[in-house]
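Engineer: Take a look at the letters that make up each chain.
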Amino acid sequence: EDQVTQSPEALRLQEGESSSLNCSYTVSGLRGLFWYRQDPGKGPEFLFTLYSAGEEKEKERLKATLTKKESFLHITAPKPEDSATYLCAVQARSGGSNYKLTFGKGTLLTVNP
Amino acid sequence: ETGVTQTPRHLVMGMTNKKSLKCEQHLGHNAMYWYKQSAKKPLELMFVYSLEERVENNSVPSRFSPECPNSSHLFLHLHTLQPEDSALYLCASSQVMAGTYEQYFGPGTRLTVT
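Order-wise, the sequence lines are chains P and Z. Under the numbering used here, the final residue of the first sequence carries the number 185; numbering is consecutive throughout. Under the numbering used here, the final residue of the second sequence carries the number 1439; numbering is consecutive throughout.
Quick caveat, the hints were computed from the structure, so don't treat them as lab data. Take these hints with a grain of salt, some might be off.
As the list claims (entries may be wrong) - So the derived label-pair ranges between C-beta atoms look like this:
hint	chain 1	residue 1	chain 2	residue 2	range
1	P	S79	Z	T1327	44 to 50 Å
2	P	E117	Z	P1333	17 to 23 Å
3	P	E153	Z	R1435	20 to 26 Å
4	Z	E1377	P	N184	44 to 50 Å
5	P	P185	Z	T1437	30 to 36 Å
For each residue, glycine too, the CB sits at the ideal point set by N, CA and C.
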């Protein structure tokens, strides 16, 4: 069974203090790993898709990286508006459907001014 | 309207009521999804429709009944719900094609069952 574990559950940073969020996964053949941002009371907002180990993607202060067992979401010089819950999800290639994403519980990031 | 929209945004219903949630996607996608999000739990996939046919139904109680009349609209009909069904219900859509599988979510309906 596919599994996704995100750590830490919650992270509090000062503005400008860079850090990383972790997503460890177990999947029978990775088709894709997805990062989402979710603000309170809203739906998840798509950030990145990573397909293979060694791949990296960047968007403003965020950079996502992928290895064969985990993904990191690096946040450089965060601002208060980066405060949100960050969700990681995986999709299996073998034996799975074209539709099912397995999500982690998320990391709640708070950036203080 | 752009992206994925959901109505209503908030719903309070008694255990004997019947209500429906509506989702509309403006992205030209060919698959639509219902998810349930409860506190401290990962998103749970409930139903998947691809090209208007239900392709997945993840052991969801029959008090939840989905309907997909066309590729842009998705409904979730609710009846005789339980208090533990209170949650954020999210609709998503995707274009299922080679190499592209990311799903785009609507804002959700916050459901409270009293």
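Engineer: Please test the hint of 44 to 50 Å on the beta carbon pair from E1377 of chain Z and N184 of chain P.
Structural biologist: Holds, since E1377 of chain Z and N184 of chain P (Cβ atoms, about 47 Å apart) stay within the stated range.
Engineer: Has the hinted range 44 to 50 Å been met by the Cβ atoms of S79 of chain P and T1327 of chain Z?
Structural biologist: violated (34 Å)
Engineer: Is the gap between the beta carbons of P185 of chain P and T1437 of chain Z within 30 to 36 Å?
Structural biologist: holds (33 Å)
Engineer: Kindly confirm whether 17 to 23 Å is satisfied by the beta carbon distance between E117 of chain P and P1333 of chain Z.
Structural biologist: holds (21 Å)
Engineer: For E153 of chain P and R1435 of chain Z, compare the CB-CB distance with the range 20 to 26 Å and indicate the outcome.
Structural biologist: 23 Å Cβ-Cβ, so the 20 to 26 Å window holds.
Of the hints listed earlier, the one the structure fails to meet is number 1.
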